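Participant: Starting from the given sequences, assemble the full structure and let the hints guide the process.
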Amino acid sequence: MEIETIVKVGIAECKIVKTPQFIRTSGLGSCVGVVIYDTTTKIAGMVHVMLPDSSLARTSSFNFYKYADTGVMQLVHDLQKLGVITLNMRAKIAGGSQMFSFTNGSSDIMRIGPRNVEAVKETLEELQIPIVSSDYGGNNGRTIEFNPNNGILMIKTVNKGISYI
Amino acid sequence: MNHNHSLNELDILKELGNIGAGNAATALSQLLNKEINMNVPMAKVVNFNEMMELIGGSERPVAAVFLRMEGEITGSLFFVLSLEDATRLINHLIPDRDLHVGNLPSHELGLSALQELGNIVSAHYLTALSECIGMIVTPSVPQVTIDMVGAIVMTGLLEISQVSDHAIFIDTELIETAEKQLEKAKGHFFLVPNPDSFEKILKALGAR
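Residue numbers (my numbering), protein chains in the order written: chain A, 5 to 169; chain B, 6 to 213.
Zero decoy hints are in this set.
Pairs of lysine to aspartate or glutamate, EDC-like flavour, derived with a Cα cap of 20 Å: (1) A:Lys19 with B:Glu64; (2) B:Lys19 with B:Asp201; (3) A:Lys125 with A:Asp57; (4) A:Lys164 with B:Glu113; (5) A:Lys164 with B:Glu89; (6) A:Lys12 with B:Glu58; (7) A:Lys160 with B:Glu64.
Treat the hints as calculated values from the structure; they're not laboratory data.
On a predicted model such as this, the values are computed, not experimentally measured, just so you know.
Facilitator: Here is the structure:
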């Protein structure tokens, strides 16, 4: 029997697991953690995106997983390569908070959390992957952990405890 | 951003950390009427995940005062304390028997005391830095929060992340030097200059 392990996903990274493995990313602030999973094969992928739009990239070669649009797109491709059918894919998302609110000047960059969430939602809609549940926004950090066996996403916060979606 | 900075350039940044935090340590010492020391600063070019390791894992709960540097030099400055140390420092400033680590996040007066403390020490840090490089650096209104350190520090990386996968990270630790106490409070300054500011700093100091 395989041993339960937790696979960690870093910032601007993407990993894929199969039950009995869990997949986790920690300290999401304005970043968004996107889980795309398939309950029939019990395979799940998670990407930790930082910025909304890959057109913000100022170099021609860039890390796809850093941006919401290309990150979600690439995760779906990665899953397809493993035989997961797009029709079976479901998504759960968390993060995208605004840790601080500054009134002057660079408010655009401070709003990056909500913009990340919007970009993730738009890309998922384009790919026709339904979002089953989500926990985003607010002004707090989140650590998330997904169990591909039952499709439950655990969300841990410092001030509001643990919840499951 | 070129991230093959020479040792000499990183040494210059270490020295900036030294000067800034030294001045802040003096201010903190006067404010708390305690002796405060500092460790040799660390200056590194790191990718975002390496930075999370350096700050103790992105999930670690901390109390942080964050301010943006504005003016000729831009970037972010964080004053970061463990929840235990934050509680102890606040209790030293405004003694309150009801304040403990558990209710710190909802203790408004305590948080506002911490914000003010962070404001004062950070302002001293930036004044020293500004004088050293001969450029105007003004602090934004400071913000205080209790949350995961990774989620907090990422706010200071957003601007950099649009141009690079690496950031320059200057970490200086302040330590309370109470001889009789077993528990010594520690605080960290994390300075993250924006990429173009880094070049300006080096130019100003004659390293470019």
